[in-house]
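One letter stands for each residue in the lines below.
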Amino acid sequence: MLDIAFAFNRFKFLGDEFLTWLWFVIENDSGYLKNISPDLSSLETGNRIVLENRQHQAVERVTIKGDYANLEEGILALRKGALVTEINLGFKASDQEWQFTIKGESLNISGFKTPFAGSIETVEDFEGAVLEKVYLYEQAIQLVDNLYKIFIKIRVSSQWPTKVVPTIKKWIHA
Amino acid sequence: MGLLSSSTSMTLYRVEGDLKEPVVETVASALKKNAISEIDGHDSEITAGWTSFNNPYQPNFEGSSFVFGTYLVFSLRIDKKSISSKVVKKYCAVETVKKLEATGRQYLSKSEKEMIKDHVVDMLSLRIPATPNIYDVLWDVEDRSLWFFSNLKFANEELVSLFLKSLKLTLIRLFPYTTAQFTAGLSHSELDVLAKLAPTNFTE
Numbered sequence: 001m002l003d004i005a006f007a008f009n010r011f012k013f014l015g016d017e018f019l020t021w022l023w024f025v026i027e028n029d030s031g032y033l034k035n036i037s038p039d040l041s042s043l044e045t046g047n048r049i050v051l052e053n054r055q056h057q058a059v060e061r062v063t064i065k066g067d068y069a070n071l072e073e074g075i076l077a078l079r080k081g082a083l084v085t086e087i088n089l090g091f092k093a094s095d096q097e098w099q100f101t102i103k104g105e106s107l108n109i110s111g112f113k114t115p116f117a118g119s120i121e122t123v124e125d126f127e128g129a130v131l132e133k134v135y136l137y138e139q140a141i142q143l144v145d146n147l148y149k150i151f152i153k154i155r156v157s158s159q160w161p162t163k164v165v166p167t168i169k170k171w172i173h174a
Numbered sequence: 001m002g003l004l005s006s007s008t009s010m011t012l013y014r015v016e017g018d019l020k021e022p023v024v025e026t027v028a029s030a031l032k033k034n035a036i037s038e039i040d041g042h043d044s045e046i047t048a049g050w051t052s053f054n055n056p057y058q059p060n061f062e063g064s065s066f067v068f069g070t071y072l073v074f075s076l077r078i079d080k081k082s083i084s085s086k087v088v089k090k091y092c093a094v095e096t097v098k099k100l101e102a103t104g105r106q107y108l109s110k111s112e113k114e115m116i117k118d119h120v121v122d123m124l125s126l127r128i129p130a131t132p133n134i135y136d137v138l139w140d141v142e143d144r145s146l147w148f149f150s151n152l153k154f155a156n157e158e159l160v161s162l163f164l165k166s167l168k169l170t171l172i173r174l175f176p177y178t179t180a181q182f183t184a185g186l187s188h189s190e191l192d193v194l195a196k197l198a199p200t201n202f203t204e
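If you read the protein sequences in the order shown, they are chains A and B. Our numbering puts the first sequence at residues 1 to 174. Our numbering puts the second sequence at residues 1 to 204.
Looking at chain B on its own, in the form it has when it is part of the complex (with noise of 0.2 Å):
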């Protein structure tokens, strides 16, 4: 579902700010400051980053690498591990005799319970290797815009969390308001009457 997909989907923001000089070296140092990390054999269980968009399992922001035309071209990547409630379940039961056999109790507290359900989650977050979903970034850096290929409520998020912490520039959705906005070029007569708009009724 990325830019060079046969389908694809995509959500449209306006960059919002300025960026020191030279622009490729800052991005470049930006994006490499906050790279994905690899999660496979840590506790974490979710983490998330730029990416190269043509080598997104090796990121590299070396010389020009992101730079297409007068487009900068990279990617997000969320890499998540998905541990399913029953394997947890499994587990949980498991340690649980063993807590019960050592202790020669018949009952364990709700706090260790979840203490027990904590220690499960770690240690298969450990051995459980973390599922990468990429979503590529096209920014036209001159025009302001930026296109990001995906609809996801969380991919969407993490874009524009992620961008304002390693660029210090706010993303704008565009929707049918902010665009009408930011790019319709309406006077502030025409702007001020938008403000105030109300729904239509055909049916009357």
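Chain A extracted, bound-state conformation (with noise of 0.2 Å):
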């Protein structure tokens, strides 16, 4: 087994090749994401993307903020040879809408917004509401989860350099 801390940092690259594979997925396949998850009604990119160019020796970074942020400058960043390290996503499943931020490096995710829970009136409304909040949790975890099972599936496989890499290729030359 590899040591953790040394992991860490070795395999860095596949938190961002993730990020930036989910960014050309939902701007060019999002009927592919509806076969992953029946229930979901949308994953879209949210307020904000940030893009880092690690191949020289100065990290060059690019942050779009913004909700109606133009998202041009990002695929002119790929086409430097940045990579998305950060991406604020927001998905809608059943009437309900969840946001938050997933960092490529750690896959840490903060701004966790969920649909709201309901309010504790009462002592015996605190646990139902802690297990309904973690129920909401579980839906956004288990929909990353599974992107991310998706996607080193093929990023492990013949698939990754002859199909998937090209596509991705022709997407940010465009």
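Careful, some of the hints might be misleading.
What the hints assert, rightly or not - With a cut-off of at most 25 Å between alpha-carbon atoms, the simulated PhoX-like pairs for lysine-lysine come out as follows:
(1) A:K163 <-> A:K34
(2) A:K103 <-> B:K196
(3) A:K92 <-> A:K80
(4) A:K103 <-> B:K153
(5) A:K80 <-> A:K34
(6) A:K113 <-> B:K80
(7) A:K153 <-> B:K196
(8) A:K153 <-> A:K65
(9) A:K163 <-> B:K80
(10) B:K80 <-> B:K33
(11) B:K33 <-> A:K149
(12) B:K80 <-> A:K12
Stated by the list, open to error - Per label pair, the in silico range of CB-to-CB distance:
(13) A:P161 <-> B:I83: 29 to 39 Å
(14) B:E114 <-> A:G128: 54 to 64 Å
(15) A:A5 <-> B:T203: 55 to 65 Å
No wet-lab data here; the hints were simulated from the structure. Positions of the beta carbon are idealized from the N, C-alpha and C atoms, including for glycine.
Hey, can you piece these two chains together into the complex? The hints should help.
Given below as structure tokens:
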């Protein structure tokens, strides 16, 4: 087994490639996402994408912010060799909405907002409220987990260099 | 920024190792033994320990108070006294004048200055109340998964070390490689490929 700290640094790129692939899928093949999770109404990029180009000695970082931000600058950064290192996502299922940000290198989640879980009015409501909130967190975590499982299966297969990378390149350079 | 907050942060872990049966009693005893202790009125600057999720200022792990459905829910509390460097500087200046007057000297040695600073920090630590920081923990024992409601480096490091000390179980942080290795269901041959992967170049 690899040393954990070594593995974190050695395979940082996997998380960035996952987010880059995810952005590509969201932009180009939303039908594919519905096959993964039938309850999913939509998965969209939210109000923030961070890209980093680590090909040169000095890391170049591009941050695109705002609800109606133009993502063209992000494509331009990809063209120059950057990858997505952080992405804010919004997903809808059964008329409910989740929003969160994932960091590529760690898969840490921040700004995690779930649908409203009901208020606590009595002591008896407490356990129910906790379990409802946990259930709501689980929906988003499972979605990300399933997406990552699909990505990693593709990433270690021959499909990655022969089919997926050429398609992503085509999108980046279109 | 906890479990019930409207917006939160989360770091995911896999729990390695097995607990002694009965699980709830084993965990309750470990949490009790390593519960947060108050440092107000003591000269300690920082302390960390477990506390109750629903009553973080009065830890109580009696019965099944930390069991919610199939989950164990409790919190990590880190209490820290923040003493402003300007306050330390002010009291050091006062103490230095007193020492010079008492000895009739004009200067203090480096070690005397250090002793004064240590004394001032200890004195202020006794007077200043610690600021509590609370981070929720949700543990699904059967699934071997644990959610920690913070992305802060020092809080995560404290969690891993206190968890190991209290429960003799290792927490493995789920980042891209460990998630692929432990939870993605890859075959042996796929894991071999994973170990040799290199970054993709999308520009060529």
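Quick rundown of the hints versus the structure:
1. A:K163 <-> A:K34: Distance of about 21 Å is within 25 Å: holds.
2. A:K103 <-> B:K196: Cα-Cα ~23 Å, so holds.
3. A:K92 <-> A:K80: violated, 32 Å
4. A:K103 <-> B:K153: holds, 14 Å
5. A:K80 <-> A:K34: Violated, at roughly 31 Å.
6. A:K113 <-> B:K80: violated, 29 Å
7. A:K153 <-> B:K196: holds, 14 Å
8. A:K153 <-> A:K65: violated, 31 Å
9. A:K163 <-> B:K80: violated, 53 Å
10. B:K80 <-> B:K33: holds, 20 Å
11. B:K33 <-> A:K149: violated, 39 Å
12. B:K80 <-> A:K12: Not satisfied, since the Cα-Cα distance of roughly 32 Å exceeds 25 Å.
13. A:P161 <-> B:I83: 29 to 39 Å: violated, 57 Å
14. B:E114 <-> A:G128: 54 to 64 Å: holds, 56 Å
15. A:A5 <-> B:T203: 55 to 65 Å: The hint (55 to 65 Å, Cβ to Cβ) is violated, given that A5 (chain A) and T203 (chain B) are roughly 29 Å apart.
Figure legend: structure checked against the earlier numbered hints; hints not met, in rising order: 3, 5, 6, 8, 9, 11, 12, 13, 15.
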